Structure formats: C-alpha cells, structure tokens
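Given chain A, work out where chain B should sit, using these hints.
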Amino acid sequence: MTTQLPPGIQLETIDDRIMTLNVGPQHPGSGHMRLIIKVDGDYIVSCDPDPGYVHRGEEKMAEYRNYIQNIPHLERPVIHDSCNILYPYCLAVEDLLGIEVPERAKYIRVIASELNRCIYTLYWLAIYGIFLGHSTMFMWPAGDRELFIDLLEAMSGARVTHAYFVPGGVRNDLPANFEERCLRQVNYFEKRIKEYEAIFYQNPVLKQRTEGTGILSRMDAIRLGTTGSVLRASGVDFDLRKKEPYDVYENLDFETQVMKEGDSYARSRIPYLEMFESCRIIKDALRKMPKSGSVRTKLKPNPKGGNDESYRRVESGRGSLGFHVISNNRPEPYRVKISVGSFRNLICIPYLLKGEKLGNMPSVYWSLNYWPVEADR
Amino acid sequence: MGSKKKVDKESSETNIDATELANDQNNESDDDSTKLTKEEAKKYYEEKGIDLSHDVPIHVQPIPPFEKSMADKIVSKFGQKVVVDYVRPNRIRMNTKREDILDVAYFIRDELKFDHAESVGGVDYPDSKEIEVVYHLGSYTDEQLGNKILALATRVPREDIPNPGNDSTRTPSLRDVFYSVEFHERECFEMFGVFFEGHPDNRRLLLPEDWADIPPFRKDFKIKGR
Numbered sequence: 001m002t003t004q005l006p007p008g009i010q011l012e013t014i015d016d017r018i019m020t021l022n023v024g025p026q027h028p029g030s031g032h033m034r035l036i037i038k039v040d041g042d043y044i045v046s047c048d049p050d051p052g053y054v055h056r057g058e059e060k061m062a063e064y065r066n067y068i069q070n071i072p073h074l075e076r077p078v079i080h081d082s083c084n085i086l087y088p089y090c091l092a093v094e095d096l097l098g099i100e101v102p103e104r105a106k107y108i109r110v111i112a113s114e115l116n117r118c119i120y121t122l123y124w125l126a127i128y129g130i131f132l133g134h135s136t137m138f139m140w141p142a143g144d145r146e147l148f149i150d151l152l153e154a155m156s157g158a159r160v161t162h163a164y165f166v167p168g169g170v171r172n173d174l175p176a177n178f179e180e181r182c183l184r185q186v187n188y189f190e191k192r193i194k195e196y197e198a199i200f201y202q203n204p205v206l207k208q209r210t211e212g213t214g215i216l217s218r219m220d221a222i223r224l225g226t227t228g229s230v231l232r233a234s235g236v237d238f239d240l241r242k243k244e245p246y247d248v249y250e251n252l253d254f255e256t257q258v259m260k261e262g263d264s265y266a267r268s269r270i271p272y273l274e275m276f277e278s279c280r281i282i283k284d285a286l287r288k289m290p291k292s293g294s295v296r297t298k299l300k301p302n303p304k305g306g307n308d309e310s311y312r313r314v315e316s317g318r319g320s321l322g323f324h325v326i327s328n329n330r331p332e333p334y335r336v337k338i339s340v341g342s343f344r345n346l347i348c349i350p351y352l353l354k355g356e357k358l359g360n361m362p363s364v365y366w367s368l369n370y371w372p373v374e375a376d377r
Numbered sequence: 001m002g003s004k005k006k007v008d009k010e011s012s013e014t015n016i017d018a019t020e021l022a023n024d025q026n027n028e029s030d031d032d033s034t035k036l037t038k039e040e041a042k043k044y045y046e047e048k049g050i051d052l053s054h055d056v057p058i059h060v061q062p063i064p065p066f067e068k069s070m071a072d073k074i075v076s077k078f079g080q081k082v083v084v085d086y087v088r089p090n091r092i093r094m095n096t097k098r099e100d101i102l103d104v105a106y107f108i109r110d111e112l113k114f115d116h117a118e119s120v121g122g123v124d125y126p127d128s129k130e131i132e133v134v135y136h137l138g139s140y141t142d143e144q145l146g147n148k149i150l151a152l153a154t155r156v157p158r159e160d161i162p163n164p165g166n167d168s169t170r171t172p173s174l175r176d177v178f179y180s181v182e183f184h185e186r187e188c189f190e191m192f193g194v195f196f197e198g199h200p201d202n203r204r205l206l207l208p209e210d211w212a213d214i215p216p217f218r219k220d221f222k223i224k225g226r
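Respectively, the protein sequence lines represent chains A and B. So for the first sequence, my numbering puts the first residue at 1; every next one is plus one. So for the second sequence, my numbering puts the first residue at 1; every next one is plus one.
The shape of chain A in the complex, shown without the other chains (with noise of 0.2 Å):
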C-alpha cells in the first residue's frame, strides 16, 4: 500500500555520499535554534539556518498594551542585556510624545547601558569559552558578572530583568554612595579582565582552533548587512555611539575597536576589547554627570502620539538594535518593529559554514555573537 503525500511535501532521497545532520534545536551546540546541515565526509557542503522554536511576537503583543506597559515585555527578547533593548524602544517614544530627558537621566542611562552591555559580554564568552572546551573560561566570567549584576541590582531593583528605562528618563534615582562603589568595582573588573588574555585569548589551542576559521571579508560584511562585533572584526568602523551618538555618547571619552582578520578569533575578540572601553566610558560619565537634579519627566497618565512615526536604533551588544514605532493618536502604538543584531547576522551562517570543518562549527557559530531568543523576538 502505498501512502498519500499531501501536496507539496517530498520525500528525501537518500545520497550515499552527502548527509543531514540536524543540529539542534536542542542541542546544546545551537542554543534554540536548529541548523539543517549537510556534509560530504567531514566537511559542511550547505548549511540552512531554521530559527523560530522561541518566537513570542513581541511586536504583536506591543500592539495590545500602552506604551508605559509595554517596557516589561520588550525586553525579555535578551534579558542579559535588558537596558539596550529599551534603550531605542525609549528613544523612540520620547521622539513621539515630545519628551525631553532630565541631563542626568542620561548619564544613568549610558553608565546602565554600558554596565548591561559587560554583562552580555561575559555571558557570552562564558558560553564560548565552555563550547571550545576551556571550562576555565566559563567558570571566570560567570563570577565576574556578579559584579555588575550586583550594581545594577542596587540601581533599580533586578538582578537580570531590570525594566529600568523609562520614555522620560529611568525609573528611579541611584542609590545613595552609588558613585564610590560603581567606580571601585569598575577599577577591580579592569583588572581582572586582563587576566583573561593570558589563560584564553593567548591560549594556543584557542587560537589553533579559531584563526583562520570562518573568514568574512570587508566587502561580503558590509554586503550581507552584517552588524556589530562581526563587522568591526571584519575591518569596518562603525559603532553608532560614535556615529549616530545618542543621549550624551558625543561628550564622552572611548574609541571604536576594529580588527582586520575578519575570522572567528578577531569576532571574539572584539566584544573582550570593548568592555575596557564600557570601563572607560562609565568611569568618564561618572565624572562628568550632574550630581543632583531629576532623573525622570513626568508622564500624563496613558500618553497618545500624533499620527506618526520615529526610527531609533543603538548599539547593543550584539550591534545596531533599532525600533521602528508608528502611532495613530491611540495610546497604544499601532506597529512596533523590532530590528535586532542577532537576526541581521543570521544571514552569515549558512554563508561562513558552506566549506568549513563540522568540528569548526561551535567556534564559527558562537562567534557570531548570535542570540536565539533576540532572533526571534
């Protein structure tokens, strides 16, 4: 008896020389995401990247709630970098209803933005780190981020899902004593950060494992649309707080870190050298922002935007995070859109893998500084 296909769905025949390998979506290699790959012997001949297993719309659920309750659940696309989802989000929506931002609200913002975005950081590394096998790497900034986590506890409340910006401003004022403990734990985390270089990035085997792999060239970066840490690695200057520089980026003190080898070492890389600028950056906004003064403006209850809309994006961990808002005289936004790193470099998977080693995979996929969840949204 033969069976009945519905229409459009074929059944695979079977090569002897190429084969399927499904990795994920539970696989611990993958994160929630699955990988459609096909090799011949050891080598990846095609790579179809399947995401979608942790798809919430975000963007549909915006369109039900106002824009004060929306700042909760817009950030759960990256907890670990909570502030830099919000932080366009917030932008966008002062851009609509007209707000202006207190001077020191925006210093608190860029010192907890800067702090999130070391968080990410060790998160990361830490999952890189134990997927090259080098536990060391996963146990150091697992610990190393209780530091920061513990500052931006104090700050607004929450360890990992802060909901701590606010169109207007933050949410509340720093803690009392606040300055003395931000910049003693920042001058102790410089310091630590650089015991990283000798145990990881100088490792011999790390770097046998990831020079030379998954080689993205400055034209095909900038081609694919590639953003963040994987275009800087790439050869190309851009990073918005110096291009687009939002709140009081502009006034302080940091450089962009570019390498030119464009392969999954460099793209580690790139994330380890900016968080000694994060240092530097809250170090210098610690200096110069104003000691006292409002940190929030008030909000008339259920505020409406005209018949309008504003595109604002950031720098994230993970690259250019925008939100595109359109407004029609509700209090409720009638179309949130999210545009997110992680989606944007999803394009390079299938591309950088095609001809790489199956065992090169980890170190190529990881480097992207690719986060499922945020993919998705």
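These are calculated hints, taken from the structure and not from any lab test. What you were told as hints is all true, and nothing was included just to trick you.
Cross-link-like lysine-lysine pairs, in silico, BS3-like; alpha carbons within 25 Å at most:
1) B:Lys129 / B:Lys222
2) B:Lys222 / A:Lys304
3) B:Lys43 / A:Lys304
4) A:Lys242 / B:Lys68
Predicted model, so just to flag it, every value in this text is computed and none were measured.
Same frame as chain A, but now just chain B:
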C-alpha cells in the same frame, strides 16, 4: 527653567490648557532658531494630528539641508514616481509605487551609496485595504551617511481572505539590489502574506511548517482572550 517647574506642578494637579502651554514655550524661546513660531507650531500640530492635551510640547526642528539635497536628487530623477513623506535630521522617508521600487532602489544604491538594509517591516492598514512594506536602508561605506537612514516604502493591495503567494498581495523583491534583505523579506512574507517576486527562497522562516491560520501580524489576527 522656572516656568518648566511650574508646568510640572500644574500638570500633576489638573489638566492645563495645552495651547496656552505651547504659546508659553514659544515665547520663552523666540531667539532659538531650532523652534518654530507660534503659528507654524500650531499648524504643524494640526497637520500631524498631535494630541495637544499632552503636557510637554514637541520640539519641531527645521529641515536639515544635507538630507533635503539627497531627497531632491531622487525627486529630480524620478519626478512624480516618488513622494517624499518627510525629511528630518538623519531620517528621510519616501513612498513609491511597487512598479517603480526596483528602479528607485537601484538609484539609491548606485548613486546615493546606501549599501545595506537594516530592516524590512510590514504595516497592515485594513481600512484602506493596503499593506505597507518599509525598507530601512543604511550605509557603511560612505562616511557622511553613517547616521542617516533612508526609509523606502511601498503599498500593496490587501485581500480580506489571504492566500499567501497566490493572491494580489505581491511586490518585487529587492534581494538583487540589497542582498541583506533575504531573511527580512522571508519574515515579512510569513507574517503579512506579502509575496516577494523574484526572491529565490520563499519559505517559512520563523513560523512552524504546519501553521494553517492567516498571517499572524495582520490586524484581523487577534490574540486569544484580547
């Protein structure tokens, strides 16, 4: 600053007269060239339909010259085919018909040096039976364009009973112009049912293979219980 404090106090107690407030703000900053005069601001609010009962007035900035010159270049090339929606600091938005979008996109890439797409979003307008597709384009190669975003929008007809891929909701794909739109267009196809003609890989991306409902980001798809 003194008047601003007063405003905060008042707004927490009662609804203040917004037009009075707008006048107040305009008087305060007559010498500031970035703000409009009283009449201009009023006209702007009315045109945009902005809710004047809001307690903080909107700061309207004058049209920036660089962005204006860029918009003029496109208009002088295509004339009636493109409509400039707005020109703001670092942001330009223009609308075009779907027949012309490929020509406009090639011009934007080759002459204006925009080289990648940041996002491709759909917006559903069931009242006018249209779906809008918005491309946000940016540039890495041109130093001057680093902070600029050009939004290119087109509208496609919308059918009440969608049949994604087989109905009139279709537009040319920009994948040959901007390679980076590949996954964004796939997402727009499954979420709004907009078919992109010429896209090499029109498959589902985020939704499950057995999804049998209408495209979920359309306005007539309701979240259960809401």
